[in-house]
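Participant: Below, each chain spelled out in residue letters.
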Amino acid sequence: MTSNDFQQQIWPLRDRLFRFAFRLLSDEAEAADTVQETLIKIWDKREDLERVQNKEAWCLRLIRNASIDRIRGGYRKRKTALDAVQEFATSRQGPGKEVQLKDTVQQVHRLMKELPEAQRAVMQLRDIEGMSYQEIADALELTMAQVKTNLHRARNRVRQALLKTEQYGL
Amino acid sequence: MDSKEIKVLVDRYFAGETTLEEEQQLRDYFQDGKQLEPTLKGIQPLFQWAKAERARVAPTTVKRPTLYRKLPLYARIASVAALFLLAVMVTWRFSEFVNPEPQTAQINWEQYEVESPEEAAVILTAALQKAGITLQAGAEQALRELESVERLSDPIE
Chain A
0 MTSNDFQQQI
10 WPLRDRLFRF
20 AFRLLSDEAE
30 AADTVQETLI
40 KIWDKREDLE
50 RVQNKEAWCL
60 RLIRNASIDR
70 IRGGYRKRKT
80 ALDAVQEFAT
90 SRQGPGKEVQ
100 LKDTVQQVHR
110 LMKELPEAQR
120 AVMQLRDIEG
130 MSYQEIADAL
140 ELTMAQVKTN
150 LHRARNRVRQ
160 ALLKTEQYGL
Chain B
0 MDSKEIKVLV
10 DRYFAGETTL
20 EEEQQLRDYF
30 QDGKQLEPTL
40 KGIQPLFQWA
50 KAERARVAPT
60 TVKRPTLYRK
70 LPLYARIASV
80 AALFLLAVMV
90 TWRFSEFVNP
100 EPQTAQINWE
110 QYEVESPEEA
120 AVILTAALQK
130 AGITLQAGAE
140 QALRELESVE
150 RLSDPIE
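First to last, the sequence lines map onto chains A and B. Take 0 as the starting number for the first sequence in numbering that gives the first Met the number 0 and just add one per residue. Take 0 as the starting number for the second sequence in numbering that gives the first Met the number 0 and just add one per residue.
Just so you know, these hints were derived from the structure itself, not from any lab. Backbone N, C-alpha and C fix where the C-beta goes; we use that ideal spot for every residue, glycine too. Honestly, I wouldn't trust all of these hints.
Stated by the list, open to error - Within a straight-line C-alpha distance of at most 25 angstroms, the following computed DSS-like cross-link-like pairs (lysine-lysine) qualify:
(1) B:Lys50 / A:Lys101
(2) A:Lys163 / B:Lys62
(3) A:Lys101 / B:Lys62
(4) B:Lys33 / B:Lys6
(5) A:Lys101 / A:Lys40
(6) B:Lys40 / B:Lys3
(7) A:Lys101 / A:Lys112
(8) B:Lys3 / A:Lys101
(9) A:Lys40 / B:Lys62
Claimed, not checked - Okay, the calculated beta carbon distance ranges per label pair:
(10) B:Ala14 / A:Gly129: 10 to 20 angstroms
(11) A:Asn53 / B:Met0: 29 to 39 angstroms
(12) A:Glu113 / B:Lys3: 47 to 57 angstroms
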């Protein structure tokens, strides 16, 4: 794979890889580091990449494994997850919607963190990245049935928590 | 899309039966500031969050790794060897600068070489005379010291 091929096929995936890493790590700085290390690893393995049919799925698997390794390695969060979420949410809205969106994003972010890793990953790839069930199955090395089950469970857990909050203000 | 259709779509969404296009319709619907029923209002954050999260991008600190070119093995070995050689040369020159060799006068020892037996006898005689004078002076000094010690031991008158 040449530098040009990498530029056209892999480099455009960095935002998706970053969002996925952030979902798993809940830390922007760690997610950025993970993405950088993974991109370097992908570049170092560019000869192997020639044989990979679904490069995006392969890259997502690498990011997932790298993120899990970081979690197991006990990384130190350089800023709180909510700080990153707040900055992100407030940077894109006018003053009127700023507070509301910030609360919304924080709320769902907290609920997502409570999901099991597989459910969180599937929901991220479907609802944020807009990937098909087959693409998700390839990326996460799951069966289609597992993807649908995890997605169903994840969405309903989040829904129940949101409705409870709406009802009881918890 | 009216609320009835939306409710059907929402139920299918949570059952995992919606297409990607239908899910996008839900996200678009829940972004507007319309009056929603409590059940729909309760899940609005989910769709607002999803749309907001799609806008998250990698920071500019993430760089293209093709800038970090991996050198071939022989080039890496050669560069390490070159660095090592440079370090040795710098250390050697630096040590010369810090600890220079002391400058000594060049002496022509040939002028002091004995050239005949007669010259050797003259030099030997002079050396023995000097040794004798030194020994005698030393003995006289020792005697004077002894005398001063004896005076010290005499009783006080």
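Participant: Run every hint past the structure and note whether it holds.
Facilitator: Structure-based check of all given hints:
1. For the hint pairing Lys50 (chain B) with Lys101 (chain A), the CA-to-CA distance comes to about 13 angstroms; that is within 25 angstroms, so the pair holds.
2. For the suggested pair Lys163 (chain A) and Lys62 (chain B), the alpha carbons sit about 43 angstroms apart, so the restraint of at most 25 angstroms is broken.
3. A C-alpha spacing of about 29 angstroms is found between Lys101 (chain A) and Lys62 (chain B), which places the hinted pair above 25 angstroms, so the restraint is violated.
4. Among the hinted pairs, Lys33 (chain B) with Lys6 (chain B) is consistent with the structure: their alpha-carbon atoms are about 15 angstroms apart, no more than 25 angstroms.
5. Restraint check for Lys101 (chain A) and Lys40 (chain A): the C-alpha separation of about 35 angstroms exceeds 25 angstroms, so the hint is violated.
6. The hinted pair formed by Lys40 (chain B) and Lys3 (chain B) meets the criterion: a straight-line CA distance of about 14 angstroms does not exceed 25 angstroms.
7. Between Lys101 (chain A) and Lys112 (chain A) the CA atoms are separated by roughly 16 angstroms; this keeps the pair inside 25 angstroms, and the hint holds.
8. At most 25 angstroms may separate the alpha-carbon atoms for a hinted pair to count; Lys3 (chain B) and Lys101 (chain A) exceed this at roughly 29 angstroms.
9. The hinted pair formed by Lys40 (chain A) and Lys62 (chain B) meets the criterion: a straight-line CA distance of about 13 angstroms does not exceed 25 angstroms.
10. Checked against the given bound of 10 to 20 angstroms, the beta carbons of Ala14 (chain B) and Gly129 (chain A), roughly 19 angstroms apart, stay inside it.
11. Take Asn53 (chain A) and Met0 (chain B): their Cβ atoms lie about 34 angstroms apart, and the range 29 to 39 angstroms holds.
12. The hint said 47 to 57 angstroms for the Cβ distance between Glu113 (chain A) and Lys3 (chain B), and at roughly 32 angstroms that hint is violated.
The structure is inconsistent with the numbered hints 2, 3, 5, 8 and 12, although it conforms to all the rest.
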